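*Asks:* As given, the protein sequences belong to chains A and B, one line each in that order. Residue numbers for the first sequence follow our numbering, beginning at 3 and rising by one. Residue numbers for the second sequence follow our numbering, beginning at 91 and rising by one.
Hints in this document: simulated from the structure, not taken from any laboratory. All the given hints hold, so there is nothing to weed out.
Stretch by stretch, here's where chain A covers chain B in the computed footprint (C-beta under 8 Å, at least three residues): (1) 112-120; (2) 124-135; (3) 193-204.
On a predicted model such as this, the values are computed, not experimentally measured, just so you know. Every residue gets a Cβ at the ideal spot worked out from N, C-alpha and C, and that includes glycine.
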Amino acid sequence: MNPGYELPLDEAGYSFGFLDEYAKREVRRTILKAISIPGYQTPYASREMPMGRGFGTGGLQVTLSLIGEGDTLKVIDQGADDSVNAVNLRHFVELTCPGVDTTERTAEATLIQSRHRIPETPLTEQQVLVLQVPYPDPLVVVEPSEARRKVMHGEGDYSRLLTKLYEDIVQFDEITISHRYPTRINGHYVIDPSPIPRYDVPQLHQNRALVLLGAGREKKIYAVPPYTRAEPLAFDDVPFRTEDFGDEHGQRRACKRCGATDSFLDELIDDDGHKHWQCSDSDYCNSRLTAQSATSAQGATAQEVNA
Amino acid sequence: MNETTAMAARHHAASSVWLAPRQQTAFRQLMTAFSYPGRVLPLAGDGESASMLVVATLIDGACSLADPNGELAGDDLRRMGTRTGSVETADFVLASGMRVVDAAPRLGSLENPEQGATIVLAVAGLGTGATLSLQGPGIDGEQLLHVSGVDPAWWTQRAEWNTHFPLGVDFILVSQHAVAALPRTTRITLKGAH
Ligand SMILES: [Zn+2]
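Please build the complete structure, drawing on both the sequences and the hints.
*Replies:* Now the structure itself:
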């Protein structure tokens with residue numbers, strides 16, 4: 003981020019949210035069309051932002067066009083609120099959007115901007131999730147021409163993408179895609195759900211919250227509306243599977259910090275070369291630790307009373 | 091409240107639709123309306139008109155508007171800086187529930203379905219009147235919508251225009267103060283009028 007940028011002031015001196023009102027209005031019109039055509043990569047004129055594209059500018063433009071006084075924003079990068087990228091984006095919103103609160107707690111947020119993860123804590127109807135997208139079009143791997151890709155998307159014709167996936171299976175015995183798993187929305191458009199792990203894809207299905215995806219470089223916004231089908235592409239003989247985190251005995255690995263066996267785990271290596279696993283969603287992990295220490299404190303109190 | 095302050099309040103409410111913070115909150119209600127089709131949401135405050143607030147929030151010089159019934163004042167149109175167009179060509183069509191338009195709005199194309207028009211339909215009431223049963227994305231099972239002051243021919247037209255997804259038109263229903271949205275994916279079953 004360039005620390006020397008200046009905020010644009012319109013005639014009224016109103017500069018909330020960095021973007022001018024014309025830019026916001028365009029993004030807003032685009033969002034309504036994106037919701038109306040689930041999964042369709044809706045084009046818009048992306049504005050220059052005071053940070054390089056690829057640093058979440060697409061997601062940030064969506065967030066800045068939505069956000070207002072009274073909102074509580076959470077920004078996460080790979081599950082963590084304290085990474086440099088997340089801190090920079092949060093700081094930018096704090097600077098440009100007076101009256102907006104920020105939080106690290108998923109449950110407290112009205113708006114969540116994220117890169118690479120969907121929070122473990124289920125979202126509610128009162129929340130909106132904005133995902134940052136580097137590469138929006140899943141058909142790029144089979145068709146270089148955007149004009150032809152747009153026709154294929156419009157027709158819902160994904161036969162060549164399915165063939166490519168099947169070739170992968172024949173060669174590697176399973177679907178090798180770890181992130182950006184092609185997912186069909188409401189039975190028509192197939193999206194790149196952004197670099198979330200396979201583990202997060204089922205969360206898109208019939209979610210209670212609106213999910214918006216913003217690609218700044220490609221100038222596209224698309225949406226998975228609430229209560230909408232989101233189906234990872236799969237085959238009868240090779241069903242879609244999420245990461246199972248089983249150890250060599252088939253036992254589900256647990257988070258080393260909080261003991262969770264129901265979260266997406268990051269593999270870490272200690273100084274002495276030992277592997278261990280830890281929740282990638284730091285708020286989920288911290289919330290569990292807080293709840294555990296509260297329970298054990300309560301337990302201690304109850305014992306004293308009994309004594 | 092005396093007459094002068096009441097007039098001042100009305101004047102303030104009328105101009106509030108042009109204020110950026112007001113448009114931000116209005117947009118959030120619109121976005122929620124599109125996310126959960128058929129839910130009736132409060133939109134305009136005292137002295138504000140929901141249809142004017144929708145139009146001011148979404149439309150500017152980058153898009154065109156058809157106003158076949160001449161609902162908007164010339165001053166408001168100039169302020170938006172919008173281009174006026176015909177029903178067949180405009181991005182937005184401002185229409186009345188009682189008067190079905192006599193031309194087909196833009197439906198978009200296979201490659202660019204977002205170019206299908208948005209119809210802002212002024213209705214007599216939301217939450218009372220004929221019962222529509224709705225299904226589709228954004229709806230957990232079934233959503234009922236009660237709406238009055240809409241010629242049923244609108245729903246026949248809408249079904250025709252939305253036959254070939256992803257082509258189609260998206261509706262924003264506005265009463266005096268409330269809003270509900272019917273994106274092109276929403277399937278409507280009429281449950282009989284009251
Ligand atoms: Zn943990």
